[in-house]
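Starting from the known structure of chain A, fit chains B, C and D onto it as the hints suggest.
These protein sequences, in sequence, are chains A, B, C and D.
When we follow the working numbering, the leftmost residue of the first sequence carries the number 1, and every step to the right adds one.
When we follow the working numbering, the leftmost residue of the second sequence carries the number 440, and every step to the right adds one.
When we follow the working numbering, the leftmost residue of the third sequence carries the number 879, and every step to the right adds one.
When we follow the working numbering, the leftmost residue of the fourth sequence carries the number 1318, and every step to the right adds one.
Everything hinted at is true.
Listed next, with one range per pair, are the computed distances between beta-carbon atoms:
| id | chain 1 | residue 1 | chain 2 | residue 2 | range |
| --- | --- | --- | --- | --- | --- |
| 1 | C | 1013 | B | 595 | 29 to 37 Å |
| 2 | D | 1655 | B | 857 | 39 to 47 Å |
| 3 | C | 1005 | B | 570 | 22 to 30 Å |
| 4 | A | 315 | B | 515 | 49 to 57 Å |
| 5 | A | 418 | B | 515 | 31 to 39 Å |
| 6 | B | 574 | A | 350 | 22 to 30 Å |
| 7 | C | 1286 | D | 1509 | 52 to 60 Å |
Here are some chain C residues pointing at chain B (derived, C-beta under 10 Å):
| id | residue |
| --- | --- |
| 8 | 1017 |
| 9 | 1020 |
| 10 | 1021 |
Which bits of chain D does chain B cover? Going by a derived footprint, with three or more residues having C-beta under 8 Å, they are:
| id | stretch |
| --- | --- |
| 11 | 1452-1462 |
| 12 | 1557-1563 |
| 13 | 1678-1690 |
In short, the hints are calculated from the structure, not lab data.
C-beta: ideal position from N, C-alpha, C; glycine also.
Protein chains: 4
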Amino acid sequence: MDSSPPKIIRAPQLGAPQHPSPLRHPDRPGVGASKFVPENCFVRQQLETLVGEPAGEEWLFEKAGPREKLFFDPAKTKAAVVTCGGLSPGLNNVIRSLFLELRLRYGVGEVLGIRYGYEGLNPQVAAPPLTLTPEFVEHIHENGGTVLGSSRGAQEPAVMVDYLAEREINALFCVGGDGTQRGAHQIAEEAARRKLPLAVVGIPKTIDNDVLYCDRTFGYSTALSEAQKVLLCAHIESKGMRNGIGLVKLMGRESGFIAAGATLASQEVNFTLIPELPFALDGPHGFLNVLRERMIRRGHAVIAVAEGAGQDLFPQRETACDASGNVKFRDIGLLLKQKILDYFARHGPAVGVKYFEPSYIIRSVPANCEDDILCDQFARRAVHAALAGKTDVFIGLMNSTFVHVPLALAIGRMRYVRVDGEFWNSVLATTGQPPRFYA
Amino acid sequence: MDSSPPKIIRAPQLGAPQHPSPLRHPDRPGVGASKFVPENCFVRQQLETLVGEPAGEEWLFEKAGPREKLFFDPAKTKAAVVTCGGLSPGLNNVIRSLFLELRLRYGVGEVLGIRYGYEGLNPQVAAPPLTLTPEFVEHIHENGGTVLGSSRGAQEPAVMVDYLAEREINALFCVGGDGTQRGAHQIAEEAARRKLPLAVVGIPKTIDNDVLYCDRTFGYSTALSEAQKVLLCAHIESKGMRNGIGLVKLMGRESGFIAAGATLASQEVNFTLIPELPFALDGPHGFLNVLRERMIRRGHAVIAVAEGAGQDLFPQRETACDASGNVKFRDIGLLLKQKILDYFARHGPAVGVKYFEPSYIIRSVPANCEDDILCDQFARRAVHAALAGKTDVFIGLMNSTFVHVPLALAIGRMRYVRVDGEFWNSVLATTGQPPRFYA
Amino acid sequence: MDSSPPKIIRAPQLGAPQHPSPLRHPDRPGVGASKFVPENCFVRQQLETLVGEPAGEEWLFEKAGPREKLFFDPAKTKAAVVTCGGLSPGLNNVIRSLFLELRLRYGVGEVLGIRYGYEGLNPQVAAPPLTLTPEFVEHIHENGGTVLGSSRGAQEPAVMVDYLAEREINALFCVGGDGTQRGAHQIAEEAARRKLPLAVVGIPKTIDNDVLYCDRTFGYSTALSEAQKVLLCAHIESKGMRNGIGLVKLMGRESGFIAAGATLASQEVNFTLIPELPFALDGPHGFLNVLRERMIRRGHAVIAVAEGAGQDLFPQRETACDASGNVKFRDIGLLLKQKILDYFARHGPAVGVKYFEPSYIIRSVPANCEDDILCDQFARRAVHAALAGKTDVFIGLMNSTFVHVPLALAIGRMRYVRVDGEFWNSVLATTGQPPRFYA
Amino acid sequence: MDSSPPKIIRAPQLGAPQHPSPLRHPDRPGVGASKFVPENCFVRQQLETLVGEPAGEEWLFEKAGPREKLFFDPAKTKAAVVTCGGLSPGLNNVIRSLFLELRLRYGVGEVLGIRYGYEGLNPQVAAPPLTLTPEFVEHIHENGGTVLGSSRGAQEPAVMVDYLAEREINALFCVGGDGTQRGAHQIAEEAARRKLPLAVVGIPKTIDNDVLYCDRTFGYSTALSEAQKVLLCAHIESKGMRNGIGLVKLMGRESGFIAAGATLASQEVNFTLIPELPFALDGPHGFLNVLRERMIRRGHAVIAVAEGAGQDLFPQRETACDASGNVKFRDIGLLLKQKILDYFARHGPAVGVKYFEPSYIIRSVPANCEDDILCDQFARRAVHAALAGKTDVFIGLMNSTFVHVPLALAIGRMRYVRVDGEFWNSVLATTGQPPRFYA
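Bound-form chain A, shown alone:
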């Protein structure tokens, strides 16, 4: 069925792995019994096929998991973990499982916790790193946030590689979003230039769930659980008064996964607005009039809007950026609130708008059960990759299987809600909203 040869995506490799993995003795108490992942094991990106039609190019990604041969001798290896960017539920779980896999499973001698993001790799501003211990990590997964602290913004790759080289660190785990992975890529490139034996392995972190080649980022499930609670509050508020409107601004800068997912979970939202789908406010088929029709018909409504939605409704696109390089957004929540109040003041009926902006509340809670498991999976695979000598990659998740994704391929690219796909279709089914709001 496949006409052309598949495109094979391999992780960059520091050198030939020669050390036997300590995980290989299934009969020795205390170690694992799993099969190793062979180096020729790959995962298909393209899951669906149209029988009888010509297939497109197939991409195969290197499967993540424990390798039989390691590049590093664990006992002589020194590792470091850094967490960057905004909080996401599960950061502490990732730190903990990285440490436990490195130390208890592979026997790595020392694991450092870099403080406050990439800042901690710049000796000019760094707080000294923590040396992680079993006692230190024992309970950390029970809390949100990151015990290492975080920060936004880049540091000079050369400065950071100096720092790592001086301390003879062989494996750096970078937990963060697109900006962080870009930094990880620069570190890996600089280390390669210097021929340093440094494995740089990323774990993608974004509550927005918008990383390409990563079907699910950790923290997203927890974010949905929390957002679902807020949507239910909005529903209750909207029904507690005559003509109540609950308006909830949720996270989602470029993609609407949180707004869409929480809508599906709550089943109480009537309008979901996401960045992927521009919408008109005015006109007979515009959002305001459709909302008004619902209010007349049903007497209440709940609206979920992603923070990145409707940016074209502002007079001009804001171009300022924050320290991570993220575009700063205009506040669509407050704009919508004002537009709704104005519109109903003019056209009636009298409505009340209850506005919710729960952002930090959603992201600083502990990981839920799903994310507890997911974080553990990501972290342990990152360790397998680094010790096997893979570098300049992050751990991706493709069709429920973990893979190695070269950073060079992934950075700067995002995943969006497909507005002609089944996930979004479910949102339309649940909300009953029209597929498009147009003037």
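Same frame as chain A, now just chains B, C and D:
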């Protein structure tokens, strides 16, 4: 890379679909905009490939989702929903989404809720069915259990088909475990024999998550969340006294997914015992001695045991069955508790065993956020399938995509934890337990 | 020890109670066995005494509870329930227990649910009332909000009494805050003027817990639970970055009970600011400098501020009122945020402020376990009072015992956090903040 | 109104307090501003009064709280904390607040954490005590259990006082149930005999809430929250099948507070059985027949039974005791289950019984918000008492005010649900059960 032609798994079809789907007008307010799933769209079961080695036979499963042409004219269609077997979180979500998709999206005229499982299709014993309404289903997803009631045990297919035929029901949705799907298959076969226009579509329901061709059953995520809480309690109890042992019996008759998943989520379990992996109690490498070594070393321990584990440790395999035909299990939890008490009484040190058996508590709670979403996805796809004239299938989940699985292929077959796979390997990593307990 | 005779506070009484209570047959299945509360049973307001010192005037309040003789014949009685003002967790519990006690215990014939607050008693604007049934109330306590709807603002007493008289309603239960109880008092006065057999019994409702003669209002415990979660999020955010400050604005217009109670519950707040205690921002002992000293010392801080705190810091006191007659407050949260940012921008170090304003999220959740119980207690005692012919009262809670509080005594008076008392002292102990911020 | 002079209950006092309290400087940052509790401040036990009738003897209890003069010089004082008996939510909160008040507020030099209950005061078997630090206690209140460990059973008072005297400990805080307070009393007596400057202050701990002179013990509120969840599960299970009966055994050895309180909170229980109220199983008015009548009428039922209920139904009262001296109970849950199954097998209809025994799950969770606050209040008052030289007392809670209760007065006495009181009456109202089950 694939040498042999793939095996194509199609859903049985009642007849040629001729009615245009009401979902197809993207500009009409209130209806969806998604692309329809073409009839030649299939999903690969085999995701991984070993590059350079000969591939095995590839299986392709028909993708689930909305079809452009329907077999039934929705306005003239009558549907019924039945829930069978033990409770699983999300049953009410499934009932609700089935109803909403049938009624609000497709415009199906009448949807009946059959009472108390297949009993409700036997006029000899049936309580009268409920006619579902938007008001009735409004809040049902907020509670555990099933508003329709459930029961175990089979009814005569001919009797049930008589019942359905008399009431001119065209679509029957059967939510239940393997026994239920077997019953659905018999109904479908009997209807086919009579050439009745009856679509029988199953939605697999088992908290144990052990359905073949269904990577995740609804309720499993919620079960893990609840089991995780109990494991944490066991951990706390074990540390609240000298030499405390927290012993938790979890669900899992044939498979250990709940015990293994909850172990990963909690990160506090030291021994996880599942049906897939027999274990010896005695001898230097047996469970009891390894437990004793840990107690001496650490002073406390947590054990998670699946109810179906260690059945070979009983003098003889119990062969009695419950009304659903499930083999009744001997109580491994109580056996272990006694064996531990005896062993430590003999060999010391003095220990205390706190025994937990949370089963009903785990399964009767409302669905968590993940399951809220999953139930909605299963239910709406079941409606798409039935109205398109697919029958004698259930909705499966393959590599995160929903598919049609013919019941003839699926019933009587189960999914197990692969003890040489990465999921179980993660459990070994987390617990630190030896891969095998042998005498 | 008491020199002067105590002051005895009795509930106004519609007339002599003559009907035997149906609760009096302890042997009839389905009814209670409790002792009735004798009419001469009173509760001491003053609990503490200084031995050897002259005692002040003692106030005794009529104890609430079931009476042996009723003023109304339950079978011929018609009751109505109205909920007013902002949402508070437990409103639906109160509605449900009022109904169940009226209908199932006393056998009252009809119970109406008035829609959208006092609006529902004004035929010009009223939505028709609901007739409450066991089916309707079955699950309502599982949700936040009020199934009757609510509204702010007064209606003409004469209009409302006309409405009640026309429908021959004998007992009106008014669930709401101070404005609502003022309305209830006016209705009772108007009914008295007309010599109508109408009992008006209030149940105080304010999440702020600031009702005089009511040690605990329903919803307060739930509000604390929710506020505690938000404070923990703020703590996590403050530690997730260098020099992070978590600033949380909580409810509390005139009193700081929510801010103080949530501080005690969370144990993670460093500064709690309440309306009862004015504070200076500037100067060496002002809030900003003390905050700065902590930031230098500890690197993070959490601040809980009640919405009514620091109103004197605004150029001029805002005197606008909302529809309930509540003074509209200037936003102390945003002011503090700005002042902090300015101060640290000028004096260093660089800080980040994470601002939380969770108000609706806290009040629209379902009641927690404590409030579930409390609501039931309030509601059933309100029914006992009304059927015994008590009127123009609300149910108070004094030293953990329920009492009848005449509305004429209570309305317009509030309860405050005593800043020299032990509750506030505990807050100082927990936060470690100085007792006063002065210039 | 009071004819006889009140009985004044004072705490035993080690000697005249002479040291000024460090809490007294309201203007010094970091210390409190509260008024001290004068030594002549007492709290009335008797809250209710029958106007016009002769009053009984009035008891006045010494009010707890900070004293202006201390017996101990805090800087030279050494304290120790011990936790005994079964787990109760909030133990870690108590440990934490004791430490923080001792160290941060009073400036006490050293606080020891005794390991595993009174065992830790017996050098023959003791694990060495922990020296508590701010870092150690930082997060402990977020978890259930006790970080110190606990044990059951007594130790020789002389041995324990030797241990304390050798380590020059001046204040011992004993957190535990009746047996623990008995031990505390013996220690205090032995210390008094030796004229040691040792303050022994108890904090009553029982999830059962059955301590006389203590209206609310910590952990009870949390226990209710958890029990409420289980009762809801039982309700769901009972409705998920035809004629389902959910049977829940809850804690409560001598008193039924948990069963009664959880019934009120859940509002879904139909029969609540407590130790205070014997019940007949057989006969037309016996429990089984009344249950059967309900099953025929409603088709499902939920039963909450306290573990100490119905002990007279067993052939003979079990007289064995556990290590704490508690009488071991016969299992009323299993007896009821069997009796129900037998009765319905004989009389019909066919029923299913779902049995729940959640005990450890309820007691090992973290404290809820109410208990978080309560624990803090108890602990800080215990510190005030000890440093002021009060000894041989526990901190009681009387009509919502904290008091000193001499152990000599309290030990061996319990609080019961008053079956003719309003609390139990509310249970009857909610369940609709008859006041008595008799043959």
